[in-house]
Amino acid sequence: MPQNNSYIKSIDWLTVFTYVLLVAFGWFNIYAANYNPENPVFFDTSREYAKQLMWIALSLVIIWVIFMTDSKFYVAFSYFLYGLSVFLLFTVIFLGKEINGAKSWFELGPVRFQPVELAKVATALTLSRLMSRYDFSFKKRSNVLRVGLVWILPIICILLQNDTGSALVFFILVLPLYREGLSGSILVFAFIGAVVSVLTLVYPNVLILWLIIIGIYVFLSLKINIKLVGYTALVGFIGFGLSYLVFRIIGKEPRWDLFTLLAAVFISVFLAVKGISKRLKPVLPALLFMWGGIAFTISTDYFVEEILSEYQRNRINVLLGFKDDPLGAGYNVNQSKIAIGSGGILGKGYLDGTQTKFDFVPEQSTDFIFCTVGEEWGFIGTSVVVLLFMFLMIRLIILAEKQHSVFSRIYGYCVASIFFFHFSINIGMTIGLAPVIGIPLPFFSYGGSSLWGFTTLLFIFLKLDTNRGELIR
Amino acid sequence: MENLNRRTLVVALIYISIGIAFVIKLFILQVYDPSYKFSAESNTRREIINYPARGLVYDRNGTLVVSNQANYDLMVVPKELKPMDTVSFCRALNISKDELKDLFNEMRVKIRNRKISTIKPSIFYKQLSAEQYGYLQEKLYKFDGFFVQRRTLRKYEYPNAGHILGYIGEVSPSTIKKDDYYINGDYHGINGIESTYEKFLRGKKGYEYVLVDVHGREKGAFRDGRFDIPAEAGKDIKLTIDIDLQKYGEELMANKIGSVVAIEPESGEILSMISAPSYDPSLFVGKKRAGNFVELSTDSLKPLFNRPIMALYPPGSTFKPLNALIGLQEGVITPQSKFECYMGYSVGSFHLGCHHHTSPLDLRQSIAGSCNAYYCHVFRDIIDNPKNETVQDGFELWKNYLVRFGFGYKLGVDFANEKRGFVPNHKTYDKIYNKSWSSLTVVSLAIGQGELLTTPLQIANMVATISNKGKYFTPHIIKEIENDTIPSKFTQIHETGVDTVNFRPVIEGMELAVWGTGGNTAGIARIPGIRICGKTGTAENPHGEDHSVFVAFAPKDNPKIAIAVYVENGGFGSTYAAPIASLMVEKYLKKEIDPSRKWIEKRMLEGDLIHATK
Ligand SMILES: [Zn+2]
Numbered sequence: 001m002p003q004n005n006s007y008i009k010s011i012d013w014l015t016v017f018t019y020v021l022l023v024a025f026g027w028f029n030i031y032a033a034n035y036n037p038e039n040p041v042f043f044d045t046s047r048e049y050a051k052q053l054m055w056i057a058l059s060l061v062i063i064w065v066i067f068m069t070d071s072k073f074y075v076a077f078s079y080f081l082y083g084l085s086v087f088l089l090f091t092v093i094f095l096g097k098e099i100n101g102a103k104s105w106f107e108l109g110p111v112r113f114q115p116v117e118l119a120k121v122a123t124a125l126t127l128s129r130l131m132s133r134y135d136f137s138f139k140k141r142s143n144v145l146r147v148g149l150v151w152i153l154p155i156i157c158i159l160l161q162n163d164t165g166s167a168l169v170f171f172i173l174v175l176p177l178y179r180e181g182l183s184g185s186i187l188v189f190a191f192i193g194a195v196v197s198v199l200t201l202v203y204p205n206v207l208i209l210w211l212i213i214i215g216i217y218v219f220l221s222l223k224i225n226i227k228l229v230g231y232t233a234l235v236g237f238i239g240f241g242l243s244y245l246v247f248r249i250i251g252k253e254p255r256w257d258l259f260t261l262l263a264a265v266f267i268s269v270f271l272a273v274k275g276i277s278k279r280l281k282p283v284l285p286a287l288l289f290m291w292g293g294i295a296f297t298i299s300t301d302y303f304v305e306e307i308l309s310e311y312q313r314n315r316i317n318v319l320l321g322f323k324d325d326p327l328g329a330g331y332n333v334n335q336s337k338i339a340i341g342s343g344g345i346l347g348k349g350y351l352d353g354t355q356t357k358f359d360f361v362p363e364q365s366t367d368f369i370f371c372t373v374g375e376e377w378g379f380i381g382t383s384v385v386v387l388l389f390m391f392l393m394i395r396l397i398i399l400a401e402k403q404h405s406v407f408s409r410i411y412g413y414c415v416a417s418i419f420f421f422h423f424s425i426n427i428g429m430t431i432g433l434a435p436v437i438g439i440p441l442p443f444f445s446y447g448g449s450s451l452w453g454f455t456t457l458l459f460i461f462l463k464l465d466t467n468r469g470e471l472i473r
Numbered sequence: 001m002e003n004l005n006r007r008t009l010v011v012a013l014i015y016i017s018i019g020i021a022f023v024i025k026l027f028i029l030q031v032y033d034p035s036y037k038f039s040a041e042s043n044t045r046r047e048i049i050n051y052p053a054r055g056l057v058y059d060r061n062g063t064l065v066v067s068n069q070a071n072y073d074l075m076v077v078p079k080e081l082k083p084m085d086t087v088s089f090c091r092a093l094n095i096s097k098d099e100l101k102d103l104f105n106e107m108r109v110k111i112r113n114r115k116i117s118t119i120k121p122s123i124f125y126k127q128l129s130a131e132q133y134g135y136l137q138e139k140l141y142k143f144d145g146f147f148v149q150r151r152t153l154r155k156y157e158y159p160n161a162g163h164i165l166g167y168i169g170e171v172s173p174s175t176i177k178k179d180d181y182y183i184n185g186d187y188h189g190i191n192g193i194e195s196t197y198e199k200f201l202r203g204k205k206g207y208e209y210v211l212v213d214v215h216g217r218e219k220g221a222f223r224d225g226r227f228d229i230p231a232e233a234g235k236d237i238k239l240t241i242d243i244d245l246q247k248y249g250e251e252l253m254a255n256k257i258g259s260v261v262a263i264e265p266e267s268g269e270i271l272s273m274i275s276a277p278s279y280d281p282s283l284f285v286g287k288k289r290a291g292n293f294v295e296l297s298t299d300s301l302k303p304l305f306n307r308p309i310m311a312l313y314p315p316g317s318t319f320k321p322l323n324a325l326i327g328l329q330e331g332v333i334t335p336q337s338k339f340e341c342y343m344g345y346s347v348g349s350f351h352l353g354c355h356h357h358t359s360p361l362d363l364r365q366s367i368a369g370s371c372n373a374y375y376c377h378v379f380r381d382i383i384d385n386p387k388n389e390t391v392q393d394g395f396e397l398w399k400n401y402l403v404r405f406g407f408g409y410k411l412g413v414d415f416a417n418e419k420r421g422f423v424p425n426h427k428t429y430d431k432i433y434n435k436s437w438s439s440l441t442v443v444s445l446a447i448g449q450g451e452l453l454t455t456p457l458q459i460a461n462m463v464a465t466i467s468n469k470g471k472y473f474t475p476h477i478i479k480e481i482e483n484d485t486i487p488s489k490f491t492q493i494h495e496t497g498v499d500t501v502n503f504r505p506v507i508e509g510m511e512l513a514v515w516g517t518g519g520n521t522a523g524i525a526r527i528p529g530i531r532i533c534g535k536t537g538t539a540e541n542p543h544g545e546d547h548s549v550f551v552a553f554a555p556k557d558n559p560k561i562a563i564a565v566y567v568e569n570g571g572f573g574s575t576y577a578a579p580i581a582s583l584m585v586e587k588y589l590k591k592e593i594d595p596s597r598k599w600i601e602k603r604m605l606e607g608d609l610i611h612a613t614k
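Going line by line, the protein sequences match chains V and W. For the record, in the first sequence the residue sitting at position 235 is 235 according to UniProt numbering, with numbers rising by one throughout. For the record, in the second sequence the residue sitting at position 196 is 196 according to UniProt numbering, with numbers rising by one throughout.
Please keep in mind that the hints were generated in silico from the structure rather than gathered at the bench. The structure presented is a predicted model; accordingly, all values stated were derived computationally and were not measured. Ideal placement from N, C-alpha and C gives every residue a C-beta, glycine not left out. Careful: at least some of the hints might be erroneous.
[Unchecked claim] Facing chain W, a subset of chain V residues (Cβ under 10 Å, in silico):
hint, residue
1, G341
2, G344
3, A416
This is chain V alone, in the form it adopts within the complex (with noise of 0.2 Å):
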């Protein structure tokens, strides 16, 4: 029987307490961005804090009927509850209310819901299954191809209802899939691509194209000899400098991009040469990582700005936040660098907050309540919460390493990664460093949802850490 004592002992008692940790401190916050200093109401049970509190009894019940449910019975429905959440991540597409532009949420008299959020404890439990198999490894095709599955197709629903922000999310599970043998390239791969389509919408093509030359020219100079380096970068400048003689003589405005292309031509057809002559290794792979990375840049930049419409143009630079507009959606990353900033090292105090009331920041209890930390808790609030946060998710991976049986590891990665995502997104965007990609701060975001996936998705991983010495499957 589970109800005995060591059975309470078993539970991570840590975790525990900086979930509670968390969840109390976000709740006074969505006091505070309720609070209206002009009409000082001590509890008025209409607004979002009162409701808050009802989702913070709720989520006690889940953590109540997790804890109640064998470990046994997560590994065999994870199949189940990955098939019903793909069902209503497509049957929401078209019965979904539609809320602020994305057709994501399921409407039942008061209560609603995102499928998301159990997309999400879903899609984390049957990867874990599917890559806990004894004979699971990334070098057979076959499973790559099934774990690939699992993972694009909760993310196309998801992009079909709109909801770009949610569907990044299943992107971060690539951590996980690295810690189980994925190569690590595959990550650096990832990782490059995201910044460059991200940074292909910003700057001007030369730019790029100018990292990923140079990115090469590094890259080599660690492997080839030195001479031949000096002499690469020689060319490369013969190139530019010679196609910007020629648009000079002829008298047409200079074009940097092409002669930036001009100079990778020049640096191609030189190491080819070497490269063949002395049989050099990394040349070949360098060469084509360089123009797959032109071609990709390229691509991007003509697809943005010719294959889609104005409308469209637009909304990606607003979901990225790089519209320069200080009324619109730079308006938002600025307010709330503000507010935040103006928090100073103690904050200005409980309810004491100015920026973060009268709607100065727009969303100032969901996806800004980082705000209100920053500007009523100041410096030593804000980094109370991140190294919070830090410590969960070290503490989860911790964990995780601990466990006997693969598929608690593996989700228990899936948990830190997922936390890691909104953690990362969602600040890095209140404090201008990430996009603005409209989702949630784990516990501290207003909303019962969210509040519930999150829970959820932690306490799962606490229930299989009881179990931590067994196998479960």
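Using the hints, position chain W with the ligand against chain V.
Same frame as chain V, now just chain W with the ligand:
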């Protein structure tokens, strides 16, 4: 930890590096770089409130009674205040340096007492003159933290009906707590219809949001004005009063203390309601309001006291028709019943006096002649009716008639501070007389005295009910609300439980009281061509001369006006109250006073009961 492999470390490092990046960025943002603190101060969204025009007030004939005038308040946001050139500030406002100091001190005290907020605007200087406004508007950018707020003030077209109209003034902190529509410095209706119909009259505030820089200069609409809300004008209302009649009544009541209430019987609409001494509602507009208010509220004659609904008097003889009705309904008398009167009513050693008149009298004559003895008989017969087992039962039966006629409880007129008066029940007397009392003990109730207390409005309503032969609508002052309906309680009919047939002899008695030939009749109330019915009364005043009371309605058939007039220290009903009541009726029904009665009008207009006695 032996299986903490390289890949685990990579994942942990990714987590940690982001965490470190955040802490560094947060340190720069919150501690190292002061520019964000500066922009938080400069970055203010100012909410500009557009106050809507308050609803206009018309009288029953569509005459404009209350309108609006523009007004400007100088507002301050204390937290935004910066050192400034006080000399030019004083010059702009045309005030002395000491006055400015006082204003700032006042502000500081209010902040300390948490009456106003330091981050939201509150009034600094009320109601700028056109001159001050013009001058300030140009210089305002020099004075950080100040701006001018446009509001509408009331404009009263007549110097009358002050008690009915009420006034508007700044909201109190307790009101703000109750209704979050208001913020500090807002105006709302206080008293009268301004207060009762506040929700209709006030409209809806509009909001406009602009970004302002450190100097308070507007930097354009906030987020393209997507949060702006346009103001909605207040709803106009139409009152039941006839402003000309109201004005005439106030003139007649000049230099007297008392009340006049005139009601249209068929609808319960109040045609005029006068509280004397009255005051000009314009006294409550503008900068002199506070001073005028103090002056009026400390006046020994209590001009702010709304007598028609708040003053309590024993009803006196005006109550006799009601006792007659109850007697008829209970079957203890018929219109032909006669009772002897030997200068009063005597049982054993008990004697209640009456004046000299022929005896015996029948019902009609008893009303006309106001015979006390007759009503002692009627009252005792009602209470001691054999069908009542105890005196208590009989008393309750009698009391319940009074309640159904609107006594003892608030009628529910559209004013907040209406008094309910007092109708005793049997428990009152059980307590006083230790349960041993009889109808004789309380017989003074028969002639409207004893413990009874009524408001002039209740008496006017009783007259309206009698003229209507037993039905009434709750008296009210609201006739129409723009695009809305008046409260339903004003359109529900009330029944009194007295049969229609029983009203005829009583009404004829009241007719006889004016048109008869007896010695005690109110012949002075006769109006040529109008069959007016009335009843004199005297409210006993232990402190001096009795109060003069007269109730009337006219015409006898299909009555258009019912009226109650109280003149304090006016002596007999026929001295002041009856002439004033009849002049009001004549004015309302015929628009002007018959030449044969001009002398009465002159005497009433000139009559002075206040300064003569002093
Ligand atoms: Zn008599």
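Hints versus structure:
Using the Cβ-Cβ criterion of 10 Å, the hint placing V:G341 at the interface with chain W is satisfied: the shortest such distance is roughly 2 Å. Residue-level restraint check for V:G344 holds (minimum Cβ-Cβ distance to chain W is 6 Å; threshold 10 Å). For V:A416, the suggested interface contact is upheld, since its CB lies about 8 Å from the closest CB of chain W, less than 10 Å.
Violated hints for the displayed structure: none, as all numbered hints are satisfied.
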